[in-house]
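Turn these sequences into a full structure, and let the hints guide you.
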Amino acid sequence: MFDPSIIWASVLNGLTTGAIYALIALGLTLIYGVLHIVNFAHGSALMVAMYGVYFLFVKAHVDPYMALPLMIAAMFAFGYLLQRVVIARAARGNEQSVLLVTLGISIVLTNLALFAFKSDTNTIDTPYSLQTVDILGAAIALPKVVAFFGALAVAALLLVLINWTSLGRAIRAVSREQRGARVVGIDVERIYALSFGIGLACLGAAACFLLPAYYVNPQVGDDFVLIAFTIVVLGGMGSFMGALWGGLIIGVVESLGGLWFGDSLGQMGIFLLFVAVLAFRPQGMFGRKGA
Amino acid sequence: MAGAALLGSATAVPMLARAQAKTVKIGVLHPVTGALAFSGTQCRAGATLAIADINAAGGIKSLDGMKIEAVLGDAQSSPETGASEVERMNDAGVSAIVGAYGSAICLATTQAAAKYNLPHVVDVGVADAIVERGLKNTFRFGPGYKVCTEIGLDNLHALNQQAGGVAKTVMIVHEESLFGTGTAQILQARLPALGFEVKKVVKHANPTRDFNNIALRIKAVNPDILIAANYYNEYALLVRTMQAQQIRPKAIYSVLGGAASSFKFLKEFPQAAQYVIDCNHWFNPKDPRVAPLRKRAEAAGFFFTYELFCTYTATMLLADSLERAKSADRAKIIDALSASTFSNHFMPYGPTKFVNGQNTGARPLVTQVLNNDIKVVFPPEYREAAAVFPIPRA
Amino acid sequence: MKLQHTVIAVVAVLGAFALAPVVISSGFLLSLLIMVLLTTLMAQAWNILGGFGGQLSFGHAAFFGTGAYAMAILQVHAGLNAWLALVLALAASAILGAVIGGLAFRYGLRGSYFSLVTLAIAELLRILANAVPFTGAGVGIQLPLHASLSSLQFADKTGYLYFLLAFVAIGFALSLWLRHSRFGAYLLATRDSESSAQALGINVQRIKLLATAISAFLMGVAGVFYVQYFQYIDPGIAYGTAFSVQALVAAVIGGTATVFGPLLGALALQILGELTRNLMGGAPGVSLVIYGALLVLMVMFFPRGVAGVLKKR
Chain A
1 MFDPSIIWAS VLNGLTTGAI YALIALGLTL IYGVLHIVNF AHGSALMVAM
51 YGVYFLFVKA HVDPYMALPL MIAAMFAFGY LLQRVVIARA ARGNEQSVLL
101 VTLGISIVLT NLALFAFKSD TNTIDTPYSL QTVDILGAAI ALPKVVAFFG
151 ALAVAALLLV LINWTSLGRA IRAVSREQRG ARVVGIDVER IYALSFGIGL
201 ACLGAAACFL LPAYYVNPQV GDDFVLIAFT IVVLGGMGSF MGALWGGLII
251 GVVESLGGLW FGDSLGQMGI FLLFVAVLAF RPQGMFGRKG A
Chain B
1001 MAGAALLGSA TAVPMLARAQ AKTVKIGVLH PVTGALAFSG TQCRAGATLA
1051 IADINAAGGI KSLDGMKIEA VLGDAQSSPE TGASEVERMN DAGVSAIVGA
1101 YGSAICLATT QAAAKYNLPH VVDVGVADAI VERGLKNTFR FGPGYKVCTE
1151 IGLDNLHALN QQAGGVAKTV MIVHEESLFG TGTAQILQAR LPALGFEVKK
1201 VVKHANPTRD FNNIALRIKA VNPDILIAAN YYNEYALLVR TMQAQQIRPK
1251 AIYSVLGGAA SSFKFLKEFP QAAQYVIDCN HWFNPKDPRV APLRKRAEAA
1301 GFFFTYELFC TYTATMLLAD SLERAKSADR AKIIDALSAS TFSNHFMPYG
1351 PTKFVNGQNT GARPLVTQVL NNDIKVVFPP EYREAAAVFP IPRA
Chain C
2001 MKLQHTVIAV VAVLGAFALA PVVISSGFLL SLLIMVLLTT LMAQAWNILG
2051 GFGGQLSFGH AAFFGTGAYA MAILQVHAGL NAWLALVLAL AASAILGAVI
2101 GGLAFRYGLR GSYFSLVTLA IAELLRILAN AVPFTGAGVG IQLPLHASLS
2151 SLQFADKTGY LYFLLAFVAI GFALSLWLRH SRFGAYLLAT RDSESSAQAL
2201 GINVQRIKLL ATAISAFLMG VAGVFYVQYF QYIDPGIAYG TAFSVQALVA
2251 AVIGGTATVF GPLLGALALQ ILGELTRNLM GGAPGVSLVI YGALLVLMVM
2301 FFPRGVAGVL KKR
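Chains A, B and C supply the protein sequences, listed in that same order. Numbers 1 to 291, taken from this note's numbering, label the letters of the first sequence in order. Numbers 1001 to 1394, taken from this note's numbering, label the letters of the second sequence in order. Numbers 2001 to 2313, taken from this note's numbering, label the letters of the third sequence in order.
A hint or two may mislead.
[As the list claims (entries may be wrong)] Derived pair list, reagent style DSSO-like, types lysine-lysine, alpha-carbon separation capped at 30 Å:
#, chain 1, residue 1, chain 2, residue 2
1, B, Lys1332, C, Lys2157
2, B, Lys1061, A, Lys118
3, B, Lys1168, B, Lys1199
4, B, Lys1025, B, Lys1375
5, A, Lys59, B, Lys1264
6, A, Lys59, B, Lys1267
7, C, Lys2311, B, Lys1115
8, B, Lys1136, B, Lys1067
Simulated from the structure, these hints should not be mistaken for lab results.
In structure tokens, the structure reads:
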């Protein structure tokens, strides 16, 4: 059937793509886990981040990887303000309202970008964009390899933040039991805003890793966000590990599925996996039952 | 004036009264927002440039120099919005519509316009279903994908013969929707008869985020010729991925390739674009009107892409029909279009002749990226440079 | 009695729509009304599960697309009569609803989890439709133009309007029934507190399953209508997010769990859309920016929807 070297390369491609998916899903699942909201604006936010990376490169000649700290900080601030100033105020805690608000924000962001940057697809050409790395016989694009390790690094940082800092403890408290957290003196609104900021900061990192190998236009967020939602469900809503593993697994499944079934049907592999998980473990791989 | 327009739709306004209005209104309908926004915006630019040119040259002379007024519409990349815009334009009293770029949208808009006997010139929409429904109001100036594929095939065969038949195996990569699938079907059916072996056909989604897997398969199959039929973003990603993976077939050939004959792609990825051959909408390179139009478009910030010049010429066709009809009446315009012999254009179509709504002279040209420019290599009467086939090994 | 007043109001509204083709000759206005009715239908469908049932579906297009594709495939590939195809297509949507409802609720999926699962299902159906030959794959299916009653296509808009109106009337009836029946009461109780409802002896699984099936049925009608009206369907139109979002937004803006909410929401959205679409000299995107901003503002100041505003007066 298929040459083992092709399967190997396909698996590696899947892992590298999956790492980016995981990073996007991480932000989404964090926001869900803490604020219990489905952030419809996640895709548009990713698009905003990618434009940020693009303009930093084109106007200020900042290499996307060098731009990481700046983008992470900028997207964090953007997310913090968005939650504090718009979402919290508009939604007043009503779940339906939050839906509509994030949806509205998503429409505003996408079309502001359309108005400002027109619909052109833009790419950046870095010296390493077309280089490949040889991994045991498979030639993998360099930006993707960097993305893989980068995403893992960011995930590790997040893990440390959540589990070993006092901020992380507060975040975990609020996500488990919001009222109780408030009673012990945690400023819940601040934690909400911080968590939303962190969720979007993940997108800032993802954008830096994505742009060298991909492109940006006002619609680019939508391409990724549906897969991200699927991963979050698969991994377990609010589960960190779930988003990480889910992203990697989906990346590999998509890649191998594409190899076997042809790329259009390749996405079917994700479908089958999804159905299987729903049938045998509906709370997701790492989720808690009844979440 | 606006009130009169609204009233004009609700009650029967005598044709005489409409002709006395200052302008003849033409609906310019394209998806300028949504997924097809880039192409729609380019098309709209083509139409507005054409209308500006017509008005500057004195308007419609047979109507005493009446100017054309564009009624802009946004189909928002969805058929139902397109149809709704047709309704709005109809109420606004347009005499004809030019649009709507995307095949699915065109299907809906031509049908909606047919209900009012409103002439609809199709600018791009390559699905042949558009002109196969027997609608009397629909006129497509450019070629459909069947014609493009046939001509692309003939030319590929000719090129190969010329080079001594060095290319034997073919791999097809196409996008999943109407034009990609249809094109691939025709290719698969006809290639064997021309002496080519189709080793593999790969269908991919719109959008496709990553072409590394497909690139892997191309590497494994190692075809002599890669034939691609997809939209700009995917085409660009595919070719760039192939470059990164150092996959170099004897030729990269496209039929209606998304980026294969695009100045934008050439500017952004000159290396990846080299030697790529495309069978696509193209202008007559020998026509002197092209260069100044290209300059004007680029000065206004638009790449000179096929969307722009296809809609430009389609609008010119419409203006010519207005001249012949000597009236802004819809039925007369339809008659004028049906009988049109419009030849004062810079497309390689010759004199226009509509049969069942399709301009039988419409044809694509085959171009190749050579020396950082896009040159026509086939057919001989429009050739600017000799084709380089197969691609020389570096 | 409140019920009688509401019924009179519903009949009056339906009557007004029925009279519209007689009074209005503007094609644009008529097509606008048809779009309003279509959105109303979708919002009514969503409202049954989301408003009354409290289960917010983000993937209602799954039912829309299934109804649409079933209608197209049965007519084009199986050569069935349009009316027979209609019945089967609606059955297909309802069955899909029952399946999803049954599975989802049996496994205890609720809240945002349910929402995301429905979103994922719609997306996966889209991928499936794109890949499989009998849906025409990416090419979609075109319905041959044949305006006659037997093929459920109409030569002018009036026929389509009445067809839609009939089902919108059914939607109204269902909403009224939900507000004033025992089933409706159980559904609302389940929405407000599932554990309490269960403690009272309500079979919440069955209630939610039925609500999903009814909701899916109505949404399937919208899909069937789309195919008959536009004569074309493809995976993006059928299962894309556009109609899922439209149904949800119209229902919420209008006011959930109300009888008139869907209609009010549909009116608000269509009017908003028309007003903003061709603003700013056609500069792309601006109108939608305003649309999105208005959405956010509406939520900020009128969380109970238009119906909520009207009720206060």
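Taking each numbered hint in turn, which are not upheld by the structure, reported in ascending numerical order?
Numbers 2, 4, 7, in rising order.
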